[in-house]
Amino acid sequence: MPSVGPTEAISARALAKVYRGGRGIFELDFTVREGEIFGFLGPNGAGKTTTIRTLIGLLRPTAGAATIFGLDCWREATAAKAKVGFVPSDPRLYEKMTGAAFLEFMASYRGPGTLDRARKLAAELDLDLRPRIRQLSRGNRQKLILVQGLMHDAPLLILDEASGGLDPLGQEAFLTMLERERSRGRTVFLSSHNLAEVERVADRVGIIREGRMVAVEEIAKLRELRSRKMEVTLERPLENGFLDGLEGVRLVASRDGGRQLELAVRGNPRTLLSRLAGAPIVDVVFPPADLESVFLHFYRDDGSGS
Amino acid sequence: MKPAIRKALWDIRWTASWFALGGAGYTFLIALFYPTVRQESQQFAQLLATYPKGFLAALGYTNITSFSGFLGGEDLNLFWPIIVGVFATLSGASLVAKEVEDGTSEIWLSVPAPRRRLLLGKMVALAVGILGAVAACVVTVAVSAAIDSASVSASGLLAMAAVMTAFLLVIAGYSSLLSSLFSSRGIAAGISFGVTLLFYVLWLVGGLADSWKTLKDFTIFAAYTPQKALESGTVDVLPVLLLLGITAVCAVAALTFFERRDAI
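Top line first, the protein sequences correspond to chains A and B.
Counting from 1, position 8 in the first sequence corresponds to residue 8 in my numbering; the numbering is continuous, with no gaps.
Counting from 1, position 137 in the second sequence corresponds to residue 443 in my numbering; the numbering is continuous, with no gaps.
These are calculated hints, taken from the structure and not from any lab test.
All values reported here derive from a predicted model rather than from experimental measurement.
Using N, Cα and C, we set each Cβ at its ideal position, and we do this for glycine too.
Possibly wrong hints are sitting among the right ones.
As the list claims (entries may be wrong) - Derived lysine to aspartate or glutamate pairs resembling EDC-like cross-links, with alpha carbons at most 16 Å apart:
| no. | chain 1 | residue 1 | chain 2 | residue 2 |
| --- | --- | --- | --- | --- |
| 1 | A | 221 | A | 203 |
| 2 | A | 83 | A | 8 |
| 3 | A | 229 | A | 262 |
| 4 | A | 120 | A | 153 |
| 5 | B | 359 | B | 516 |
| 6 | A | 96 | B | 408 |
| 7 | B | 404 | A | 95 |
| 8 | A | 83 | A | 181 |
| 9 | B | 308 | A | 104 |
| 10 | A | 83 | A | 34 |
| 11 | A | 96 | B | 516 |
| 12 | B | 404 | B | 317 |
As the list claims (entries may be wrong) - Computed footprint of chain B on chain A; a stretch qualifies when at least three of its residues, placed anywhere within it, have a C-beta under 8 Å from a C-beta of chain B:
| no. | stretch |
| --- | --- |
| 13 | 46 to 57 |
| 14 | 91 to 100 |
| 15 | 106 to 116 |
For reference, chain B alone in the conformation it holds in the complex (with noise of 0.2 Å):
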């Protein structure tokens, strides 16, 4: 599978490099408004107060005071995924259909290997380059901190860490059995992107009233907590665990499918 692998990594090196040099940059912009925001944190709490509190949720303020809570509200709860959760859904619709789209996959499976394998290796580098960009995104969230003279614990960092990774994952996972079920690029991008907005719709909705509070717990946003993971050095694993088994059945059902399909 050595080969697939590297083949795949050199493949998204510059786009899983772009968008987490993307994420990253964002970030640090962002935690570069903190000592302001640190500064004037009563009238910004005041200003804060007077939004709709659903519009407040659908940003993730909670506490725009704390390090932690400003870059939740102002950056990880919403912008960062929005970036990378793009570099997420287009490399794993890409996984099979580029191959199809560009006529390259009569070369690609001329080669005497399983095509779960050669999936597989996509699939593995897809994870490496959504890795990396959590990865940029932890270390700019530490440098921030230290600039901004906040503290962040390093168990709020692996949490939040994983959180991400977790909420990636899954993205790319349906993107990956979509990508395998249909030919086209733009079709399972496209259905990938509606899937992910339906579940950050119903996530929005549940958070408006107590009795539709239910929602929330059928969305991939249910799990993404990277806020409450850095403040409080621990993961809901029950939630994170659930995102990854998605992940995996998503991945195992594109390797089935693909495995079957005409290749052409």
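Next comes chain A alone, as it looks inside the complex (with noise of 0.2 Å):
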């Protein structure tokens, strides 16, 4: 094993969880800096449930090995499990308990105190506990999930798709939890398929593609490396060359006679702005960047995109 320094909450030396038929995990590679938000983005598949249930213990590596605070997550799960507070990606949960009878079970095995702060985060997502499990809404399900994730102040949350399913308020006061919780010194491995609440949130990004780790970056660097498309509709089409000259502007198509144009922007779309600023528009869609966009860069680069 290579020595683990006292700064990473996590540690993957070419980590591999292969299954039957060849699916899985395969020589994953990277380090979670002691309080960092560390995002994990990859699309359904990828891998990034298989990495966090090898982290978390459940799942025996096939090769390689994980640390948690420098404790091997399989051989030295129960210690490395005490330092984690982990939160499911689509939880079954004990449907016939309470919500209070469940984090009561949990926090049975945590330190004193779990329990208020049990309470106090339940309040604080105006979560009712008295209600039977299979009574709840599944976004409910989930603010329970979380409680359950973050009432033992653990130093490093594992977080799986943990904002699925949480309306709007909800995920916003999930992310201001999230951001309390890295203003406390806690660290926080964030997986999700959600770019903008990753963006949001994260220093650092990791992106799994089909079991391999393909980057970690900075999350500037992520900004600066990801397109997001913008729809233009016009009056009527652009004089030849109108784009030209635009740095990391790009036509990717043109439809109704030039009338409807998609483009792909990266960076900061100012110029790009000022320049349709005097072109006959009548819409612009400019939607939130998505997943897709980072991976097409990464595809394009590794070349194994189409």
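Using the hints, put the two standalone chains together into the complex.
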């Protein structure tokens, strides 16, 4: 095992979990620094949950190793889990229990004061702990599992698609909570396929595709790399060369005789918007960047994309 | 381990109660017929003499005129262990497989406790459930004997309890091992039922001829002698210890395998 520095909350070295049929994760190498929010991005089926289950000691690596604060995730799983607040993706819970009984059960494995903190968090998320879990809506179940993950004030939070099922207000509260945890010195490993969510709070991002880590980047670098799609509807087609010289702007498609343009915009759109201000515009759609725009970049770079 | 035991007891509370009640209720109902059988004992004995030996052996009939013989033949030797054996099998087969099937294993194993301790907590709770079912039966037999003006000794009741407990524990033991090996309750319970049925068939065949008698010794039913224990107030120590030994081996194997396997 390579030595692990004290500032590494998570360290994966050639970590692999290969299932029968060849799927899984392969030779993952990455570290998560103490005190940062590390976004773990990838589409569904990319290997995010397998990675997390390996980190949390649910799956035994087929090769390589991972550590949490220097503790091996498989051989020292119990000690490692004591340092982790874990929120699984789409969790199945003990349906017959009430929210309060569930938290009490989970808190019984943690230190003193856990239950008090759980109640405070539940109040903050406006979560009623009295109904049985089977009676809770998807959003409230997600809140419950979030409270469970945060209640013992663990130094490392491992969150797998943790905002799924939350309404916009709940998502906002969730992201605020993560920022607060970081300011308290906690480390967050945030798995998501929601780029906007990760961009807002993460310091660095790891991108996984088909079980392999294709990049680990600072969030600012990621913003530079990813392209956003812009759809422009015009009264009449633009003059030839209208878009020439605009750095980071690429014409993807032109329809309706040039009246509808699809552009890929990378980096700051200010220059493009200034130039478009003089164009006969009917409508402009500029949605938030999605994960696909990031992957397009990396697919192209490693030559594996089409 | 306390939280694990508490939670597991909470999980099985209704199942254990209903099976215990079912077993005890059946015992009580059967015992209500004993005074009639005692009054007409000669006719019943003549009637039973007309049945094939193998059939009587299958049901565990030996002496229908005594309280213990009647209860043994009608209930304790076959029907009670079927009722409560189903509980031991299903609950044992559920220990790990249910968590995997229900998708709760992720939460169950996310707590900072060794896997073996989490599973051991469930095993202890199941053993408590089995003891509860046995205790319900023992109390029912004692009460029924008092109602029927029949005599059973305290040592007989204790010996019967020991035999019943060891028998159910071994079923729960291999069901738990199968649950640890497979992620499906259906497969674990199916194989477990199959194993128990195989033991029963071997035990039956062993009773059909003297030359096949040895077959009986290879079954868990060889140690299951509640009627004899109730009558004599003693336990055949070696077979019972053997059952407990097999239970322990199965439990250790289940814990060892569970600790090394993928939990999903």
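Is it true that the CA of residue 404 of chain B sits at most 16 Å from the CA of residue 317 of chain B?
Status holds; Cα separation ~11 Å.
Keeping to a limit of 16 Å between CA atoms, is the pair of residue 83 of chain A and residue 181 of chain A held or broken?
It holds: about 14 Å lies between the C-alpha atoms, which stays within 16 Å.
Hinted pair, alpha-carbon criterion (16 Å max): residue 404 of chain B, residue 95 of chain A. Please report holds or violated.
Given pair residue 404 of chain B, residue 95 of chain A holds - Cα atoms ~13 Å apart, limit 16 Å.
Examine the stretch 91 to 100 of chain A for residues whose CB is less than 8 Å from any CB of chain B, and state whether their number is three or more.
Answer holds; 4 residues pass the 8 Å Cβ test.
Compare the distance between the alpha carbons of residue 308 of chain B and residue 104 of chain A with 16 Å, and conclude whether the hinted pair is satisfied.
holds (13 Å)
Next pair to validate is residue 96 of chain A with residue 516 of chain B; report whether the Cα-Cα distance is within 16 Å.
Violated. Residue 96 of chain A to residue 516 of chain B sits at ~54 Å, over the 16 Å cutoff.
Given the hinted pair residue 120 of chain A and residue 153 of chain A, is their alpha-carbon gap at most 16 Å?
holds (12 Å)
Does residue 516 of chain B sit within 16 Å of residue 359 of chain B, going by the straight-line distance between their CA atoms?
Answer holds: residue 359 of chain B to residue 516 of chain B is near 13 Å, not above 16 Å.
Are 3 or more residues of the stretch 106 to 116 of chain A near chain B, judged by a Cβ distance of less than 8 Å?
holds (count 4)
Between residue 83 of chain A and residue 8 of chain A, does the CA-CA distance stay at or below 16 Å?
Within the cut-off at roughly 13 Å; holds.
Three residues minimum, CB to CB under 8 Å: does the stretch 46 to 57 of chain A make the cut for coverage by chain B? Let me know.
holds (count 3)
Would the pair residue 229 of chain A and residue 262 of chain A pass a check requiring their Cα atoms to be no farther apart than 16 Å?
OK: residue 229 of chain A and residue 262 of chain A at ~7 Å, within 16 Å.
This entry does not satisfy hint 11, going by the numbered hints stated previously; all others are met.
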